[in-house]
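Chain by chain, the residues run as shown.
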Amino acid sequence: MRWPAYSEGRSRRRYVNRELIRELQSLLGAPAVLSLPEELLMYEYDGSIEKSPPDAVVFPSTTQQVSQIVKLVNKYDVPIVGRGAGTGLSGGAIPRAGGVMLVFARMNRVLSVDYENLRATVQPGLVNAELTRAVEHAGLYFAPDPSSQKSCTIGGNVAENSGGPHTLAYGVTTNHVTALELVLPDGEILRIGNAQGNPLGYDLCGLFVGSEGTLALVTEITVRLCRKAEAVKTLLAVFDSIDDASETVVDITARGITPAACEMMDGWTLQVIEDYVHAGFPMDSAAVILFEVEGLREIADTQAAAIAEICMAHHAREVRVARDTQERDLLWKGRKNAFGALGRISPCNYVLDGVIPRSKLPQTLRRIAEIGRASGLQIGNIFHAGDGNLHPLVLYDPRAPGRTEAALAAANQIIQYCVEVGGSLTGEHGVGMEKSELMPLIFSEADFALMRRVHDAFNPHANLNPAKIFPMGKGCGEIRVRHTGGHPAPPIPTNLGHAAPVAPKPNQPVARS
Amino acid sequence: MPQTAASLNASLASILDAGSVLTDPSALAAYAIDEVAPGAVVKPASAEQAAEVVRFALRERLAVIPVGSRGKLNIGNAPARYDIALDLTALNQIAHYDPGDLTLSVDAGCTLQTIADTLSPQKQFLPLSLAFGGQCTVAGTIAAGVDSPLRQFYGTARDFLVGAEFIDGTGTRVKSGGRVVKNVTGYDLHKLLIGSLGTLGIITRLNFRTFPVIDGGDSQSATFCAAFADAAAAIAFRQKIAASVFTPDAVEIVSPELGRIFAAKNPSAGGPSSVALGNWFSPEHWHVVVQCHGTPEVRSRYEAALRESAVDAGAKTNAAWPAQSEGYQSSEFGSEARTMGAFVNAAPRILRAASPGATIFKIAQLPAKLPALFNALSTVADEAQIPHALFARGLGITYFALLPLEPSRDAAIAQLAPASAKIFAACAAQSATAQMQFAPAQLKRRMNILGPERPDFAAMRRLKSAFDPHNIFAPGRLL
Chain Z
1435 MRWPAYSEGR SRRRYVNREL IRELQSLLGA PAVLSLPEEL LMYEYDGSIE
1485 KSPPDAVVFP STTQQVSQIV KLVNKYDVPI VGRGAGTGLS GGAIPRAGGV
1535 MLVFARMNRV LSVDYENLRA TVQPGLVNAE LTRAVEHAGL YFAPDPSSQK
1585 SCTIGGNVAE NSGGPHTLAY GVTTNHVTAL ELVLPDGEIL RIGNAQGNPL
1635 GYDLCGLFVG SEGTLALVTE ITVRLCRKAE AVKTLLAVFD SIDDASETVV
1685 DITARGITPA ACEMMDGWTL QVIEDYVHAG FPMDSAAVIL FEVEGLREIA
1735 DTQAAAIAEI CMAHHAREVR VARDTQERDL LWKGRKNAFG ALGRISPCNY
1785 VLDGVIPRSK LPQTLRRIAE IGRASGLQIG NIFHAGDGNL HPLVLYDPRA
1835 PGRTEAALAA ANQIIQYCVE VGGSLTGEHG VGMEKSELMP LIFSEADFAL
1885 MRRVHDAFNP HANLNPAKIF PMGKGCGEIR VRHTGGHPAP PIPTNLGHAA
1935 PVAPKPNQPV ARS
Chain C
-1 MPQTAASLNA SLASILDAGS VLTDPSALAA YAIDEVAPGA VVKPASAEQA
49 AEVVRFALRE RLAVIPVGSR GKLNIGNAPA RYDIALDLTA LNQIAHYDPG
99 DLTLSVDAGC TLQTIADTLS PQKQFLPLSL AFGGQCTVAG TIAAGVDSPL
149 RQFYGTARDF LVGAEFIDGT GTRVKSGGRV VKNVTGYDLH KLLIGSLGTL
199 GIITRLNFRT FPVIDGGDSQ SATFCAAFAD AAAAIAFRQK IAASVFTPDA
249 VEIVSPELGR IFAAKNPSAG GPSSVALGNW FSPEHWHVVV QCHGTPEVRS
299 RYEAALRESA VDAGAKTNAA WPAQSEGYQS SEFGSEARTM GAFVNAAPRI
349 LRAASPGATI FKIAQLPAKL PALFNALSTV ADEAQIPHAL FARGLGITYF
399 ALLPLEPSRD AAIAQLAPAS AKIFAACAAQ SATAQMQFAP AQLKRRMNIL
449 GPERPDFAAM RRLKSAFDPH NIFAPGRLL
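Residue numbers (this note's numbering), protein chains in the order written: chain Z, 1435 to 1947; chain C, -1 to 477.
Extracted from the complex, chain Z is given alone in its bound form (with noise of 0.2 Å):
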């Protein structure tokens, strides 16, 4: 085989070498080891604005090889990331600096379904949707729904503990997950939780969900399913200001209603989305909110009449009900598909996902457009109202200079603002490398002194996905904190491994053809 040449003018050495994708070759087959640069191209990047490519991609079929690979690569002293469909958006499936990937795509079985119990056991390179199709013959579903859950997999929903539409009555994927088989950075097979699902000592689910794949690799997962309502009704509020619409979410969280879904587009967006998906959205309103509401069917009717009448009561143009499932599914395609109908109009979309109190969405949403305003730049609003999740997308165009920077600026000032209000960095998508140098605006060294040690509790060596949620408290090529009036955040010291995976290693031989 082959090995790639060592690219002129690369500034980072790799040091995944000849030998350890032979032996990778002969654990797993040499179709389950990719290593040529134009096979690495499609794992360069996620769904974030990142791109950084591994050295190898492997695919293992099995747990056993799972920890194999991990005791391998292990022996090389080179760092491994887990990856599933790669669709995240903050980088946390691509290497900060190399190493071997490791793709989940031949783990994608439901190994069993208990319908009595109400729980189904996957792996994790399973696709969210094929989870809720495998078993909707019985009226169960997998409630987590992110917006790409047509390709995202329940690995990776576990590893950034995944939101959707739908997590604002039913919860999160942590709320979701019971057990779970994981492969330690050392190689070590563990099972933790029980299919239950109530930890009796600690909550060792409640850790790894959410810890964005540098504690572990997870194996195996044990969900919850949830029963389909008796009665679904689906209500598109349309506004002519984006202050009655978001006024209404404020009010209907108030008055303690709770959809399963309450979302926001602005009008803006609705536009470019109208325009690709032609779902029948007004083309001329400041805003809309999609709204679902769940249960028994007197419940779903009661609330929907209560939702309906305080939109009203905020001057709403009027509130469509969706007639059928058809006229339903129209609107979340809408919803769904947003994304990628922005895709279409600009080159390159910044996708925030700060969190505010719900009370204070009217007064952010008016910050964030100033912040557009002042900017220059076009930055449209699709979001989780219902649990205060923002989506903010700064549109900006890479080639054009200063843009770029421009698109960040305003994105540290949407989230400084997000911060200052009492909310958070991100509701769903995780910090991965795109926000870890944002997260001194809400850690202490302190705080982040104690995650280190449960970092390093599990991943002493950094071997495992290196270089995340941790600040490293210096550019990394792309540095997008600019604390704009504050004091600057303090450097934060790491032995996060944050420094090995980019420094030469004397010992490894760099590989050249």
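Note that these hints are calculated values from the structure, not bench results.
Glycine included, every Cβ here is placed at the ideal spot set by N, Cα and C.
It cannot be assumed that every hint is accurate.
[Unchecked claim] Quick look at which bits of chain Z chain C covers, simulated, 3 or more residues with Cβ under 8 Å:
1) 1505 to 1516
2) 1732 to 1745
3) 1815 to 1822
Once you've looked at the hints, dock chain C against the given chain Z.
For chain C alone, coordinates are given in the frame of chain Z:
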């Protein structure tokens, strides 16, 4: 290192006001855990003072156990060491409440009653309210990992605790999560505090999402009860509910033995109305108590559907079908169990009053597997000739009580120890997980409350070392 009582108190008094350090032996006795009294009790006035106490303990390598209202301290292993009781009841403020966001941030020593009083004018509540009564502190409730019947609908603390501030074992004040309802920023360390029994950190503040009250406006709760000949029929009823479109707030299963204790009108359940409630249970039947809430329309649909499912599952008689408009109260407390739901929830207290050696296991098992579990548990108890009783939450949490009659403590322990080991083994054989929730101190000195070594204990020990590198927090209480 180990100090004399006088020097310990003098040192602590230099950190806090002298009035915040208790030295009187009778005061120390009131803080005893499993018959072990602390060397000193300190009652810091702020989180920073609490951190100073921890830093002092760290320097001196003293063991610190955080305490609140002290109602649940018998959950956990007997402490291996216990130098300082860190009483957090003076940290008792509501730090932040945003009714419009349904989020609440409270100090560790806030009582559930204070929380209920804060939330109820806004028609909101925290579904922990029922755990053990209004005087419990919120941090004690979280650290003890107790649940409530409402978990059927609202989940457990891990589903609505959104952030925490605590002191780690280096004496540093740290935080995890935030104050918003959806957040994946950083590791979810606050989840680890739930059920940690004070072994990982000293909780100083907790952030929750809150919920609209069950009983408000048109919506009221209602409780139903059906009687069955055996556990299998009772579980079949539970399974029919689970397979329906109905989503009750609580489903509780009561064994005939517990029904007998209830029917005996045990005075520990409270005042006169508990006598009437006790009459609902017969010693011959398994009972399933179901609570729902909603408008009159919704409640009547529940009643019809539950009645039909109960009959399908073989309910003994329609007569055993009391319905009342009051169920599990969402925002009220009282020493008296005035409602059926509260009555069942008082079961651990009633069971412990029924036998001084009462040993209660909390067991997690999938609901459809409960008949086999119940069978195995009662076989162990019967073979050991120990009376027993159980109740189970509908989602698969079983509380199984061994109620030895032996008047001699040593004889009771001699009976309980082998039986308890067999219960852990029986649970493991069925892939169920068990914790000894309440047990005499002598029994806990002979076995860990989590049973024999499990594969995940090593990972838990790693976490303990990460949070508390010098093992100064509640040493020995969990692992």
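Do three or more residues of the segment 1505 to 1516 of chain Z come closer than 8 Å to chain C, measuring C-beta to C-beta? Violated - the segment 1505 to 1516 of chain Z has 0 residues with a Cβ nearer than 8 Å to chain C, which falls short of three.
Assertion that chain C covers the segment 1815 to 1822 of chain Z - criterion: three or more residues, beta-carbon distance below 8 Å: The restraint on the segment 1815 to 1822 of chain Z holds, since 3 of its residues have a Cβ under 8 Å from chain C and three suffice.
Cut-off 8 Å, C-beta pairs, minimum 3 residues; does the coverage of the segment 1732 to 1745 of chain Z by chain C stand? With 3 residues in contact (Cβ-Cβ under 8 Å with chain C), the coverage given for the segment 1732 to 1745 of chain Z holds.
The structure fails hint 1 only (numbered hints given earlier).
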